[in-house]
Amino acid sequence: MAYEATVPRSWTRVPVGRLVSTKVIGLCSQNIAAVSPSIALLSHTISLQLCCNTLTSIPDTIGHMRNLHSLSLARNQLTALPDTIGFLTQLRELRLNGNQLTRLPDTVGRLKKLTLLLLQDNQLTELPQSIGEMAALAVINVARNPLPVLPAQIGRLKQLRTLSVEGCPLRTDITPSRAPRAPPSLKEFAARVIVRNQLPILSRTPQPLRQYLLQSHQCATCQGPYFDTYVSRYKFMVRMTLHIPLEYRLCSPHWHTEAERIVSMFGPQPATQPPPQAVREALER
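Using our numbering, read the sequence shown as starting at 109 and increasing by one per residue.
Hints may be right or wrong, so weigh each one.
Said to hold, decoys possible - Pairs of lysine to any residue, SDA-like flavour, derived with a Cα cap of 20 Å: (1) LYS343 <-> ALA298; (2) LYS221 <-> ILE282; (3) LYS266 <-> GLN237.
As the list claims (entries may be wrong) - FRET-style restraints, in silico, Cβ to Cβ: (4) HIS364 <-> ALA141: 28 to 38 Å; (5) VAL132 <-> GLN185: 19 to 29 Å; (6) GLN185 <-> PRO376: 49 to 59 Å; (7) GLN331 <-> PRO291: 19 to 29 Å.
No wet-lab data here; the hints were simulated from the structure. All values reported here derive from a predicted model rather than from experimental measurement. We put the CB at the ideal spot given by N, CA and C, even for glycine.
Input sequences plus hints: build the corresponding full structure.
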């Protein structure tokens, strides 16, 4: 059953109670300003269209809509998405264009079945590295965002057919900096060791440290963890007539030039690389 009826203009919230068994929900241009946390009840819904409203946020409970295939939140006033968006693992299409998003949560990398991602006309200054894990992506539109570079992991997307970057202030100089870098803090050094070797976290570990350990990023070369400190390297990806700058974020200066990057791919395993599974299991015994 589809719900496409025009709701009264006096309504400013999604009438979730009336839609529990609905599979296709179309609520475009209904002057909706808020979505109730009870949206979690829409577990049967496969398509949800909330475009052209006045939404400023989406509740965390949207992550319970596990059967959702298509989600449109385009042309609202969203500035952020909840991390729980990553629980929508059946999602194929995600339309977020025409909002005020400044970042995407790293959890979008869990959307392995997503084929269409529309992000044009937002305020994004970077894309998460986890975008490289969205193996089914065929169309990405990030036009008219203040993006200077794209993450190098985007080059892993073998199914990518369309990448739109029109109107983005992409950088043209990709010369790596040779300036000395500040070393990671002692806190980050310790956190890297814990995450890299998957060491158990003691029950008495303070909650702020637990949260910190959950915020690691992956080095683009060795896949080792880093947190606040990283080294940037760049190369151009050529698509048609476009030269798109890609940023490699590294846990340490593994390489400076493209030639060195290629050599590093065939060199010995760096100490920062996570150990193989068998070694980790031996360490945990």
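Against the structure, test the hints numbered earlier, and report the numbers of the ones violated in rising order.
1, 2 and 4
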